[in-house]
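Quick mapping for you: the protein sequence lines, in order, are chains A and B. Heads up, the first sequence stops at 205 in my numbering, and the numbers go up one at a time, no gaps. Heads up, the second sequence stops at 205 in my numbering, and the numbers go up one at a time, no gaps.
No wet-lab data here; the hints were simulated from the structure. Mixed in with the good hints, there may be bad ones.
Identical chains share a label here; the pair holds if one copy fits it or two copies do between them.
As a list, the in silico DSBU-like pairs of lysine-lysine whose alpha-carbon atoms are at most 35 Å apart [stated by the list, open to error]:
{"id": "1", "residue 1": "Lys85", "residue 2": "Lys7"}
{"id": "2", "residue 1": "Lys51", "residue 2": "Lys85"}
{"id": "3", "residue 1": "Lys85", "residue 2": "Lys159"}
{"id": "4", "residue 1": "Lys51", "residue 2": "Lys159"}
As a plain string of letters, each chain reads:
2 protein chains.
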Amino acid sequence: MTASLKAPLDFYFDFSSPYGYLAAEKIDALAAAHGRSVLWHPILLGVTFKATGLAPLPAIPLKGEYSLRDIARSARFLGVPYRKPTVFPIPTQHAARAFLWLNDRDPQQARAFGLAAYRAYFTEDVNISDLAAVLEIAAAQGVDRDALSAVLAGAEIKARLVAEVELAMARGVFGSPFIIVDGEPFWGADRLPQVERWLAESGF
Amino acid sequence: MTASLKAPLDFYFDFSSPYGYLAAEKIDALAAAHGRSVLWHPILLGVTFKATGLAPLPAIPLKGEYSLRDIARSARFLGVPYRKPTVFPIPTQHAARAFLWLNDRDPQQARAFGLAAYRAYFTEDVNISDLAAVLEIAAAQGVDRDALSAVLAGAEIKARLVAEVELAMARGVFGSPFIIVDGEPFWGADRLPQVERWLAESGF
């Protein structure tokens, strides 16, 4: 038995992105069905918006109202639970930094934290912009709360997240979810069927 | 045999919109499979962009480059021929006005003209912002060239298109393609699977 030479998928997401949440619930199983693993990369849409001149969905006339409807419908379409958070969008630095720190040490635990944070925000209306909420969710996944709290108070993890977002943009990432498969970029939860075909046919 | 009481789908599109073109190649058959007809409504994205503050795709950093790739890939995904036009995007008033005039008189002929104009632009690189090109395409569909030419030179059809776009925006339309099914709005060629399920299940 030899290790697979196939590259993992890169999955970029913002914890405040509902379409990112929908993709997060699907991407690992989709990749696994084609013998692929996934690298999860939290980003900050606030930073990419500055580069692209784009704005958060709710701020856009007509499109904002449509999006709220489309998010809920897309969740039903994909069979993913969803409840509109009271506060949306939110800043997600704490969650993103926590994810990065965990991911360096235990990707499985980071994944569990990431999904738990997404579900807390998008199904239980927990405002995960709060540091306390992030620590609570992490602790529930077995994370050392004091250690994480100390890390999140430091400068190092802040610089790390900045660099991660810069790298993502250098790879062309401008939204969430954004998936890169063997160099091919896919933006949006609605591109999962194309990702699936790409994996099945090694491109099309 | 009684007439169906099911409402037709409303299909909004800009002749310069590649995703509108992809949807145009699919929407009638999709609707027909569920016993529905489609009303085609040409709009002008330049007008909706003013209302939403959005910009044409190629003008947006990162997203613009991605979109060119996504358009070509989405065409392959849907099995629709596509060649990137040399000039993109373009103003499409002439084509939209011609469509409206034809559609009042012969929806079947308008449909044939609309598909022919889309295919000329997105597979043969014909710049359909030119009045002459629009007249040529219409004539090839059996349209009286002189009559159409006279209509397009008049003020009435211009005011009509303005009013049509205003009405579309009053219904929440902000992009192309935009499909409304029994009051439910769907934006994007990538929402066709959701439209299909909506038709099959009378909502979901």
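Discussion item. I want to check one pair: Lys85 and Lys7. Are their C-alpha atoms no more than 35 Å apart within a copy, between two copies, both, or neither?
Written reply: For Lys85 and Lys7, the Cα distance is within 35 Å only across copies (31 Å; inside one copy 37 Å).
Practice prompt. Could you figure out if Lys51 and Lys85 sit no more than 35 Å apart (CA to CA) within one copy, between two copies, both or neither?
Written response: Classified as both: same-chain Cα gap 25 Å, cross-chain 28 Å, threshold 35 Å.
Worksheet entry | Intra/inter-copy verdict for Lys85 and Lys159 if alpha-carbon distance must be at most 35 Å | Intra 29 Å, inter 42 Å, cutoff 35 Å: intra-copy only.
Discussion item. At most 35 Å between CA atoms: does that hold for Lys51 and Lys159 within a copy, between copies, both, or neither?
Written reply: Within one copy only: 18 Å inside, 38 Å across.
Checked against the numbered hints given earlier, this structure breaks none of them.
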